[in-house]
Amino acid sequence: MTDAQPATGFVDVPGAQLYYEAVGTGPALVMVHAGIANLRMWDAQAAALSSRYRVIRYDTRGFGRSRTLDDRLFANYDDLAAVMDHVEVKRAHMLGCSRGGMITLDFMLEHPERALSLTWVCSGVSGLEYTPTDADAHVVAIFAQMEAAYEAKDLERLNELEAQVWVEGPGQPDGRADPQVRQQVLEMNRLNIIRDDPDLVAKKLEPPAIGRLAEVKVPVLVIIGDLDMPDSLAAADYMEQHVAGARKVVFHGTAHVPSLERPEEFNRVVGEFLDSV
Numbered sequence: 004m005t006d007a008q009p010a011t012g013f014v015d016v017p018g019a020q021l022y023y024e025a026v027g028t029g030p031a032l033v034m035v036h037a038g039i040a041n042l043r044m045w046d047a048q049a050a051a052l053s054s055r056y057r058v059i060r061y062d063t064r065g066f067g068r069s070r071t072l073d074d075r076l077f078a079n080y081d082d083l084a085a086v087m088d089h090v091e092v093k094r095a096h097m098l099g100c101s102r103g104g105m106i107t108l109d110f111m112l113e114h115p116e117r118a119l120s121l122t123w124v125c126s127g128v129s130g131l132e133y134t135p136t137d138a139d140a141h142v143v144a145i146f147a148q149m150e151a152a153y154e155a156k157d158l159e160r161l162n163e164l165e166a167q168v169w170v171e172g173p174g175q176p177d178g179r180a181d182p183q184v185r186q187q188v189l190e191m192n193r194l195n196i197i198r199d200d201p202d203l204v205a206k207k208l209e210p211p212a213i214g215r216l217a218e219v220k221v222p223v224l225v226i227i228g229d230l231d232m233p234d235s236l237a238a239a240d241y242m243e244q245h246v247a248g249a250r251k252v253v254f255h256g257t258a259h260v261p262s263l264e265r266p267e268e269f270n271r272v273v274g275e276f277l278d279s280v
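Residues 4 to 280 (my numbering) are what the sequence shown spells out, left to right.
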């Protein structure tokens, strides 16, 4: 753990200014946050790992303290490359949760020479489709409630529903997760929902990752919570089966954000993986 103050600033990219923080010394480690969060979701990881890694994290376009200037088409993997260029990092370990995991995986495929490893957390694979089964009826129902809240512009209701799904886990009772974790996600996601811009569209990786996992040549750690969404569970299995040498770790009793629910265990697992590569 380090008490050093992070270097902070904004990276100018076409159509946006991306807020970033960098702290620590050693090999670079880039952290990309989930869609219900911002870079603050990695506070515990930055504190634990910056004693031996240079930890770089940023708010993706449309999130946190980053500023969107216009609605031009952009690519999240290009934004990530721009952040690395700005802090003068040629190669880095990648850590991404949910949407952030897809961004880091796509980045690795677009810029294979720039990744040292990937820790993929409760995420997806671009191009991988999931078809709900009868057992997923409760998930389909709550997403219908989310859509209704969005259409009604009931943003607080939408935020609570998203916390129920992503923090507690689909079908789990209120209060399963630590209330402080739920409150932290509610606070981060509230701004995301308020700032949501349907005209801000990210360019997709072509061809998508689903047909290109054989191109991944760096060590990969797959992390999943056993209470996560069915499509995330399926994607974790797919990554384990289709990425050569990938290792999967299941966090029992957690949903979509194990780094927030079990920070000490998460830091140990990720730290041991990074130290091994």
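It cannot be assumed that every hint is accurate.
[Stated by the list, open to error] 35 Å max Cα-Cα, derived DSBU-like pairs, lysine-lysine:
(1) K207 with K156
(2) K251 with K207
(3) K251 with K156
(4) K220 with K156
In short, the hints are calculated from the structure, not lab data.
Hints, one by one, checked against the model:
1. K207 with K156: holds (28 Å)
2. K251 with K207: Status holds; Cα separation ~26 Å.
3. K251 with K156: violated (39 Å)
4. K220 with K156: violated (45 Å)
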